[in-house]
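**Q** Sequence:
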Amino acid sequence: APVYDGAIRSLYLPYRQKAVQLLRPQLGQTVLDLGCGSGLNFELIMQSIGAQGTLIGIDFSAKMLERAQETVDRNRWKNVYLLQKDARQLDLKDFESLAGRTIQVDRILCTLGLSVFPAWQDVFERSFDLLENDGRYCVMDLFNPDNTFQTRLVNALASSEISRRVWEPLQNRSVDYLEERHPLMHSSDVVVIASGAKPKS
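Per the working numbering, residue -9 is the first one in the sequence shown, and the count goes up by one each step.
Calculated directly from the structure, the hints in this document are not laboratory data.
Warning: the hint list may mix true and false statements.
[To be verified] Pairs of lysine to any residue residues, derived as SDA-like cross-links and limited to a Cα-Cα distance of at most 25 Å, are as follows:
#: 1; residue 1: 53; residue 2: 17
#: 2; residue 1: 8; residue 2: 124
#: 3; residue 1: 68; residue 2: 111
#: 4; residue 1: 8; residue 2: 171
#: 5; residue 1: 68; residue 2: 159
#: 6; residue 1: 83; residue 2: 116
#: 7; residue 1: 190; residue 2: 12
#: 8; residue 1: 68; residue 2: 91
#: 9; residue 1: 8; residue 2: 135
#: 10; residue 1: 83; residue 2: 108
#: 11; residue 1: 8; residue 2: 61
#: 12; residue 1: 8; residue 2: 191
#: 13; residue 1: 68; residue 2: 108
#: 14; residue 1: 53; residue 2: 64
#: 15; residue 1: 190; residue 2: 174
#: 16; residue 1: 83; residue 2: 135
#: 17; residue 1: 190; residue 2: 159
#: 18; residue 1: 190; residue 2: 124
#: 19; residue 1: 68; residue 2: 41
#: 20; residue 1: 190; residue 2: 164
#: 21; residue 1: 8; residue 2: 174
#: 22; residue 1: 83; residue 2: 137
#: 23; residue 1: 190; residue 2: 75
#: 24; residue 1: 190; residue 2: 135
#: 25; residue 1: 53; residue 2: 89
#: 26; residue 1: 53; residue 2: 159
[As the list claims (entries may be wrong)] Label pairs and their in silico Cβ distance ranges:
#: 27; residue 1: 18; residue 2: 137; range: 16 to 22 Å
#: 28; residue 1: 41; residue 2: 111; range: 32 to 38 Å
#: 29; residue 1: 122; residue 2: 1; range: 18 to 24 Å
Positions of the beta carbon are idealized from the N, C-alpha and C atoms, including for glycine.
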């Protein structure tokens, strides 16, 4: 947590901005930031949902959530709620307890999370099931299928596995699927941004 913001804030900011664009959050909606870390997505999301919306940040790291809370306090946001929990065990009741009212999840954003989460496919399925029909889900993550010194270094530093094809479960379950790939400069790594809507029942 202490070094996270400085290490990746500027590097990934353009891709976070693009991910929020593809997520298409709207004024007054409820957005779930899955694996929110220190809250680097919060300002981008809040610009779209406004004070009428609700932002729920989920992370397993208490230290990350402490930094996220500092961001919330500094901006005096009253509609941002933070929850420390294993993402494999999420339930709408968790969100409703936080907000003190009925919650429907209109949008889910996961940036640089599915390459890190244990049992990441279970995390995706669990969270996708919480999404309202016709709601959108967006994933932004690093990908490199090659086992090189560089990828091993990235995986070691971030406790990640960037060979995971994290966009495929979303592609398989969504409609209006969109995908972008952005090669990182001076690297063979690619930032994959994928977004799709949950089919109407």
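**Q** Is the straight-line distance between the alpha-carbon of residue 190 and that of residue 12 25 Å or less?
**A** Roughly 19 Å separates the two Cα atoms, so the pair holds.
**Q** Next pair to validate is residue 190 with residue 124; report whether the Cα-Cα distance is within 25 Å.
**A** 5 Å, holds
**Q** Would you check the hint for residue 8 and residue 174, treating anything up to 25 Å between C-alpha atoms as holding?
**A** 15 Å, holds
**Q** With a cut-off of 25 Å on the C-alpha distance, tell me whether residue 68 and residue 111 pass.
**A** Roughly 32 Å between the alpha carbons, so the hint for residue 68 and residue 111 is violated.
**Q** Does residue 108 sit within 25 Å of residue 83, going by the straight-line distance between their CA atoms?
**A** 23 Å, holds
**Q** Quickly compare the C-alpha distance for residue 8 and residue 191 to 25 Å and report which way the hint goes.
**A** 28 Å, violated
**Q** Between the alpha carbons of residue 68 and residue 91, is the straight-line distance 25 Å or under?
**A** 15 Å, holds
**Q** Holds or violated: are the alpha carbons of residue 68 and residue 108 at most 25 Å from each other?
**A** 31 Å, violated
**Q** Check whether the Cα positions of residue 190 and residue 75 lie no farther apart than 25 Å.
**A** Violated - the C-alpha atoms of residue 75 and residue 190 are around 28 Å apart, more than 25 Å.
**Q** Within 25 Å, alpha carbon to alpha carbon, are residue 8 and residue 124?
**A** 20 Å, holds
**Q** For a C-alpha distance cap of 25 Å, please report whether residue 53 and residue 64 respect it.
**A** With Cα atoms ~17 Å apart, residue 53 and residue 64 stay inside 25 Å; holds.
**Q** Residue 190 and residue 174: Cα distance at most 25 Å?
**A** Distance ~36 Å between residue 190 and residue 174 Cα, so the pair is violated.
Going through the hint list in order, the structure does not satisfy hints 1, 3, 5, 12, 13, 15, 16, 22, 23, 24, 26, 27 and 29.
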